[in-house]
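Q: Fit chain B to the supplied structure of chain A, relying on the hints for placement.
There are 2 protein chains.
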Amino acid sequence: MKSVQFAYRLLPGLKWLKGYTGQDAVSDLIAGVTVGLTVLPQGLAYATLAGLDPQYGLYSAFVGGIIYALIGSCRQVTIGPTALLALMTSRHTGFGLESGPAYAILLCLISGIVEMLMAVLRLGALVDLISLPVTVGFTSATAVIIGTSQLKGLLGLRGGSGSGFVNTMKSVFLNLDKVRYGDFSLGLAAIVILLLLRKLKDLKLSNANKFVKSFLWIVATGRNALIVLISSVIAYKTCQSSDNCPFILTGKVKSGLPDMQLPKFETDILSSNGTEVHQNYANMLGELGPSMIILPIIAVLGNVAISKAFGGAGLSPTRELVALSLSNICGAFFSSIPVTGSFSRSAVNHASGVRTPIGGFYTSALVLLALGLLAPYFQYIPKASLSAVIISAVIFMIEFEVIKPLWRCSRRELLPGAITFIMSLAIGVEIGLLLGVGTDVAFLVYRVARPVLGVSKLSTTHGISYILIRPKHSSLYFPAIEWVRSGISKSLETHGSAPVILDCSNVHEFDFTAARGMGALNKELSSMNVPLFLLKASKEIIVILKESTNADIHTLDNPDDLESLLEQVPDYEPYLQVMVPLVTKLPNSYTDLEHDKRN
Amino acid sequence: MKSVQFAYRLLPGLKWLKGYTGQDAVSDLIAGVTVGLTVLPQGLAYATLAGLDPQYGLYSAFVGGIIYALIGSCRQVTIGPTALLALMTSRHTGFGLESGPAYAILLCLISGIVEMLMAVLRLGALVDLISLPVTVGFTSATAVIIGTSQLKGLLGLRGGSGSGFVNTMKSVFLNLDKVRYGDFSLGLAAIVILLLLRKLKDLKLSNANKFVKSFLWIVATGRNALIVLISSVIAYKTCQSSDNCPFILTGKVKSGLPDMQLPKFETDILSSNGTEVHQNYANMLGELGPSMIILPIIAVLGNVAISKAFGGAGLSPTRELVALSLSNICGAFFSSIPVTGSFSRSAVNHASGVRTPIGGFYTSALVLLALGLLAPYFQYIPKASLSAVIISAVIFMIEFEVIKPLWRCSRRELLPGAITFIMSLAIGVEIGLLLGVGTDVAFLVYRVARPVLGVSKLSTTHGISYILIRPKHSSLYFPAIEWVRSGISKSLETHGSAPVILDCSNVHEFDFTAARGMGALNKELSSMNVPLFLLKASKEIIVILKESTNADIHTLDNPDDLESLLEQVPDYEPYLQVMVPLVTKLPNSYTDLEHDKRN
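These protein sequences, in sequence, are chains A and B. So for the first sequence, the numbering used here puts the first residue at -8; every next one is plus one. So for the second sequence, the numbering used here puts the first residue at -8; every next one is plus one.
Pulled out of the complex, with its shape left as it was, chain A reads as follows:
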């Protein structure tokens, strides 16, 4: 029994086999094959998007399924090539010679290693720093960039997909006279049909029989494979007979499985003046640069989003991270480009009724079969139809719906989203993402640095007036202390000289710099003969204050103790002279105090 438990711990996926019924197997088989039919055209298309030969998309599509079946915990997740990661990979594949695959595969390996480090160091939480507006801005920008990068294929324009949104658009407009109408009409027709077929699923056919319903569902789900199949048949028929082929075709796809081999740590590139330049390990890492960090974070973000959408909070984030990491590390030995969970294919998997992650096995088997048997036929796939597949997939990644509620309830959150979107288009997705997160972080720091202070002039039951300062925040850290100091100075100008009580009852976080600032404030107020008291300061605050300053700052637990404290200091006696004894009470909550106008 012990060895079985050990095996379970090592490969948690084995537990799915316990009580695996024939019915489970059939469900998983159907779902796995359906996902496979989606990943075949997508893989070919995404590899081209990444700037590589189409077969690399298929090389990337089978390792993840097997690894995830063994280690993953969410039955719907399918790991493989995605448009986003392909786009990010494409930055490093344009240096000519054999360097494209070398860079892509090395990036895959490094992503896997970085993901493993993130799992070990528990850094998966870094994705928490990416807020919803930034996510929306990022995915929308990515969708726009991917969409425009496919315009060339759709219009039958030759040449690479260009780098970046601006360059691609410029290149398309400059070459509009070279549009090939064969490709363009095929691509446009394919997009229209794909979008219509997508709607098929939502069709309410209450009185149709079960067979028709199933048929419609299969057509809708397998629409990518269907369109690619039909357009290939058309291309095969028209292009075999005449030299004048109206479509640009995918071209030879290398047949057979990829060799299992170590990723290459050196390669040759073509320099700008056409000479071959050798790149060693360090050169390659230098070229990959920040992608080595940002790509894994984006991969993890995608994967987390999917497993959260389908699996709820019950999943172990670490296990998911390890599964993703191993998919990339092992994938790199089979010439894979960076992979992560695909939202669209996971949705297909879910809709196809998958029961366990073993479905991924069947997907992988289908991809391997295609590599072995179908590869020769892939050369007839028109590029325009692959572009259509990509465009009709990414078009739904552009999210405008979130803008309206944000505008209505929290406008300032539009800023990080807009910065991410615009900068991603203008400069690049990595820079856009970093700037968006930077904007969000700057706001968080701003809030810590500028706590709202509730200021009110009150009197004790003995009628002694005092100024009560209540920070609305639970922290009083170094960036805030100068603000608090000047706030107190201002309140003295407004309310006149009176003992100042700083309410620390809700201040749980404090640091050395803040304590020093408080000491300086105390000194300053003393020189103006204004006593300063801390109300309900926690032990931590008092310890830090004592260590950091020599100043003796008085504390009290109840404003009514003010009188006896003031009596002890001769300088402060004037404050004890009260004209009319007043009875006022401490406000019960923050909301009683001056309202925060910034919210």
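Hints are all accurate, no fakes.
If several chains are the same, the list does not tell them apart, and a pair holds so long as it fits within one copy or across any two.
Calculated cross-link-like contacts (lysine to any residue; reagent style SDA-like; alpha-carbon spacing at most 25 Å): (1) K6 / M519; (2) K463 / V475; (3) K463 / F434; (4) K395 / S529; (5) K463 / S529; (6) K204 / V24; (7) K527 / S447; (8) K463 / V534; (9) K514 / A489; (10) K463 / N549; (11) K527 / V446; (12) K514 / I394; (13) K463 / V446; (14) K481 / V111; (15) K243 / I221; (16) K463 / N497.
Just so you know, these hints were derived from the structure itself, not from any lab.
A: Below, chain B alone, put in the same frame as chain A:
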């Protein structure tokens, strides 16, 4: 009268002239001359530290005094060259030909412009981001770097001061056999005397007469000028008669005032292979790079620290910033290197009994006089004595005292300080400062992202159990929501299934991402038949929740309302079956709940 008020607003310094008595003038004259006697040797030394000819230190020492007298508001502040800014400038002055002064003066102009922008955009508050441990780490590292950079001068080793701590140390150790004992003994003697003279002020001479006391005070305050004067006389005597001069001398200092001219926007440098390379405006800005931002921030930090130390919180930070900015902008037209408030000279000013910022006029006058008349004599100043002046000034910038209290009360704050110190020495002061601030900011974000949750199982007065979750923080922003979600999941595992009440009474800050997460949590808990309620949620929270999610999250104002709310939902009826009615009360404050172990 109107024109007078306008003049006051334009030049607030004019107000000092109102009622300016003869006594004020005498006090300001004495203080101004004393500061002048300090800035003369310091200016010569700091210019050398910056990698320039000595006269540039004097060019930098007179504009600030005049500008600050007109605009500044703190009588003690004296603006001029400082060791820190000289060190930061020295990074850009080592490219040969006439490029050194060109870079330094351009940096001065740009610093002034950036400071003006900081004043206009109210970015002066950026210095709030520099915590005390980082400040200490930074100034200590700077002191060490400046100190070691003077070792060469002190030991009589020829050659530039080298770049960075590591290189300088290496170069000194490799050249130990070339130490010139004349310079070394002079320098060492000068340091010892300077440190002793510094102590002179603290001497308690209760029974000495007033004249002796004043004499000692003058000697102690003017010690730098005195040492430089004496060592120059010695050098003059020994070096004029023989060719075998035992000291390396400062060499010719250009006599006369600097020309008033536009800073140069182009220059020539020597490339590494010895050819002249022309640098245009863009090249020069590229070389200055991040210094254009970091140097002004450091300058402002220094200035703020001084005006705070002497002027209290009553000063207008914007006015100070404008004064500093104009000192640099105008200075750049008189060949000044970047300037800021000097702590040591401001202290001298204070101790000399300055009454108004007009004292700065007298300092400037003395510097101009020295440029006109004394410059020919400056060439006899031994470099070793200038090094001694610098070393005995910066040695007190190394602060170890802060480590002990930090260790005792807030150890985690040692980290940003240590990172700043080590990285400043190892890589450079700008990088060190940025990494230190980055560490502090990362901690702030970490605290926002990981709020402490107080979890307790309680019962209403009707005996219905519920789980109360109380965030100890006042904010619930996007980085925290996943953490809260998993915290609630865990508390359900620990305490068993029960209605969950999230206490929002102290949550004042909330955002869209957090609201979406809350919606997802609500959905997830619903699917587990666990009801979720928000206790005392503010209007803002409810509005954002409504806009961001379709989910209907229940709110309540008192846990005792739980019963009636549960009755409305049939699914939740099981929670109403209570065995024994219990009476427990809500805890009154956070401290009643599970104690935060992280503090």
